[in-house]
Each structure stands twice: as structure tokens, then as C-alpha cells.
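Protein chains: 2
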Amino acid sequence: MTTETDTDVQAALLIIGDEILSGRTKDANLSYLAVWLNEVGIQLSEVRVVPDIEEEIAAAVNALRSKFDYLFTTGGIGPTHDDITVDSVAAAFGVPVVVHPEAYRRMAEYYGEENFTEARKRMTRVPEGGELIDNPVSIAPGIRIENVFIMAGVPKIMQSMLEGIRAHLRTGRKVWAQSLTVHAAESKIAEGLGKIQEEHPGTSIGSYPFYGQGYGANIVIRSADKDAIDAAMGAVMNLCDAMGFDMDHPTAID
Amino acid sequence: MTTETDTDVQAALLIIGDEILSGRTKDANLSYLAVWLNEVGIQLSEVRVVPDIEEEIAAAVNALRSKFDYLFTTGGIGPTHDDITVDSVAAAFGVPVVVHPEAYRRMAEYYGEENFTEARKRMTRVPEGGELIDNPVSIAPGIRIENVFIMAGVPKIMQSMLEGIRAHLRTGRKVWAQSLTVHAAESKIAEGLGKIQEEHPGTSIGSYPFYGQGYGANIVIRSADKDAIDAAMGAVMNLCDAMGFDMDHPTAID
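Order-wise, the sequence lines are chains E and P. Taking this note's numbering, the leading residue of the first sequence gets 1, the next gets one more, and so forth. Taking this note's numbering, the leading residue of the second sequence gets 1, the next gets one more, and so forth.
Everything labelled a hint here was simulated from the structure, so no lab data went into it. All C-beta atoms, glycine included, are put in the ideal place defined by N, C-alpha and C. Any given hint might turn out to be false.
[What the hints assert, rightly or not] Listed next, the in silico DSSO-like pairs over lysine-lysine satisfying Cα-Cα at most 27 Å (straight line):
#1 K195/P with K226/P
#2 K121/E with K195/P
#3 K26/E with K156/P
#4 K174/P with K26/E
#5 K26/E with K226/P
#6 K156/E with K188/P
#7 K26/P with K26/E
#8 K121/P with K195/E
#9 K174/E with K26/P
#10 K226/E with K26/P
#11 K26/E with K188/P
#12 K67/E with K226/P
#13 K121/E with K188/P
#14 K67/P with K67/E
[Said to hold, decoys possible] Computed Cβ-Cβ distance ranges for the label pairs, DEER-style:
#15 D254/E with A184/P: 41 to 47 Å
#16 Y110/E with D227/P: 38 to 44 Å
#17 E39/E with E109/P: 44 to 50 Å
#18 K195/P with D254/E: 48 to 54 Å
#19 G214/P with I139/E: 14 to 20 Å
#20 G214/P with T117/E: 19 to 25 Å
#21 G94/E with D227/P: 39 to 45 Å
#22 E199/E with N147/P: 35 to 41 Å
Please put together the full structure from these sequences, using the hints given.
And the structure:
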């Protein structure tokens, strides 16, 4: 349950994605971005996956950019006909698509005149007002427009783009987490766990059951305040101890 | 690009999900559900991940259940305080939460009087009007209310619930797919690929670049019409052949 441990800077991720929605390709950017953002003090607060349809992308962009401090999009910025993210974001902002001179210069220099094809020139287009995000891997830049960051979908490129924008982000507090594996049905500790949550309102306590080799629950305690996690974890361990349940050592607070 | 190959039955998935948004746990249900739905002739058309906050869940439920034929939710139906999906869906529908007598009977029988704790009784609660979805793995049922299917988050349980609802779903056409790996920069085939897309409007042609051991692009052609895929794939292979690019054998149409 998310409680008042919510920090004050929140982001959303929009995955542009027929290939993800088909189930054939598994998204690899969500968890990387979530962890990266939390390290710089920003909470990933909503994710959407939408198909490669301009109106759907534009509607999601407008819903998410107005609701959160930042919106990251991944996918659809390549040279092929199905890469419609730039056009869709431009439609969301109600601005035209224009060639960015610096993007053009960088790509012309990198590819040389002969290899700077029409398709590659497509990757110099930005929604009017967009600024470039460096792409150390494959040159073709990402784009920032207001609070929207248009990123590549290829994980290696997306990750390299993040490093370049870190300094430009307004950041809040990191949310720390600590987890404890309890080897008992979560229903047996549910009542006690609910009371501990009430008594530790500065934390968010989640219980995630697992089945497979044995069964049990991973108890995850989150807070921007490490001492609050420590106190709540102590209470959870006392509860399990009193009820005679086996536990692993809790993880480090990280 | 999604074109007129869209079939007529569409579903959305709502992942309820502090643990997914934190990046600590990777969702395993999206791709399974997408592939399963397509096999029965339903297209997964949008996915959202929202935090464990009742108003956020309820708002997403209402947005998605009105937009799509079906909505599946995963997560948040266990016995602990952070399991708020039933209450949130009830709020979305504007109905009270009630104990479902058959759910109560099943769980009382399974656990016996002594082990049928208050926490487990929480799992007999449904939004008023909800019907049960069988859970062959761990008894506690999922819930159907109108076009919304409330499923467990644990993949093994979610998957077992799907089998029980298959017969109740209105189904459309399966979208077939075939892919071809081309060992060339996608920008080099972009122009030709765009023309082939225009000439084959009954298909949806996607190009997904990869980097790592070599580089290239996976060309994925989708359609409910296998012959249309066949024709478009022939055109793509001719294009690559004419340009002298190495290709792997295309996959089977599946």
C-alpha cells in the first residue's frame, strides 16, 4: 500500500509497443528505468503500453505528461515506417515536426554524405521545440520536449541516453527497501502485518506470496526513511518469531 | 504500425503493482496473457501498471473496461492489508463489497474451521454481482464482474484461472505472425519496407533493430490472413535479396 512515504517527484513510462503487446518480446526497460529513477530520487508511478497508433500514443502522452513530473517514452524512434513516436508526440503537443539542425549535423558527420540516407534523415526530426538527448551508442539522438523524454527502445541505447539527462532532472528522495522471506502462508501473518502497517505509517509494507520450492511470502518494507524501515522490520521479525515461523535473514536496506 | 488487420475483440491488462513499479520484481503475466489471448482470438491492446492506491486502480479500471471488450487485472487479491483490488474494483463499479457464499463454502471446506482465519475470509469478498473464477492451484477464487476479470498476480495461479474462463470469452480472429532476421542496418531497408507496407495494407509490418553479436533487424509481419503474410514476406525477402543482404530463414507462420 502506498502511504505518505510517497516522495515528491514522480515519473511515468510509456512503452510504444505492438511487439510488447503481442507477447513476443518482453520489455526490458521498465525495471531498469524504475531502479535508475529511484537511485536519483524519482518514483516511477505509472506505466502504460500502447500500440503503434498515433492517436493512442498522443492520448497517453497527454494523460501522463499532465499527471506526472516527467514522462519517459521508449520505442518507435528508428528509421522505418512503423517508427511514429516523434509524429505522435508532436501531435500530442500540437506542434509540427521539424528537422533539428544539430541532429542533422551529427548524423551527416557520422554517416558521411553517401550513407546519410532518407531513412536516416528521418531520425533528425523532432517535435518543434524539442532538444536533443545524446546517444553515445548509435548517434541518432533522443528528444526532450518540456517534461517528456523520448528514448530509444533498444535497452542498451535507452540506458546510455539516461546518463546524459541525469543532471537535468529535478530529483526528490530515494525510497529505500528491505525485504524478508518468511516461510509461512501469508494469511497466517496477515493480521499482525496489517497492525504493523498501521503502527508504522511512514512505511509501505507489501506482502508477496511465492509458490514453488516450498511456499511463503516476501515482506518488502519501503520508506524514504531508513530508520522507519528498521523499526517496522524489527516489528515484523518479532511477529514471525512469536508465531514460530522460519525466516531468512532480511536483505540489506537498499 | 497497426492497420486494418486489427481484429474485433480487444482486451486490456491492468497490473496492480507497487512491486512492479519499484523495478524489484519483473512482471511475468503480460507476455503469457498476450500469447494466450491471441490463441483464443483476442488482441491485447493496452497495458497499464498502477500503484497500490484505490483511486488509481479504480480510475484505470473504469478507463479500460469502457474502452475494451475485456479487462484483466492481476495482483492484489491475497489476504494481507496491501491487497486492495477487490475494494478498488467495487469502487470503480460503485457497488459494495460482499462475501460470496460459494467462495466462503469452498474455502471453509478446504481449510477446515480451525485454519479458516479472518485473513483467509478476506479472500471470499467480491464486488457485489461478481461471479467466481476457479483457482485449481490454491482455492481462493478470482472474480468476474461484467467484462472485468480479477486474477491472481502469482503467474502459476493466474495461468490456471485462464483455463477456466476460456469458454466464457467472445473470441475473434487470431493474428498470425512471421519474422525474418536481416543482417543489415534497418535504415538501409527502411524505404523499401515502407513501400511494401503500403502495398500490403492487410498486414502490419514491424522492424525491430538489434545490437550485440552483430547488428540487424527482425522484421515481423502480422495479419489475421496467413496468405497476406506470405505475400508480404515474399516481397521483403525479394527486397533484401536484391540489395544483397544476408537473411536467416523466416520463422514459421505462428
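Just pull the numbers of the violated hints for me, sorted ascending.
12
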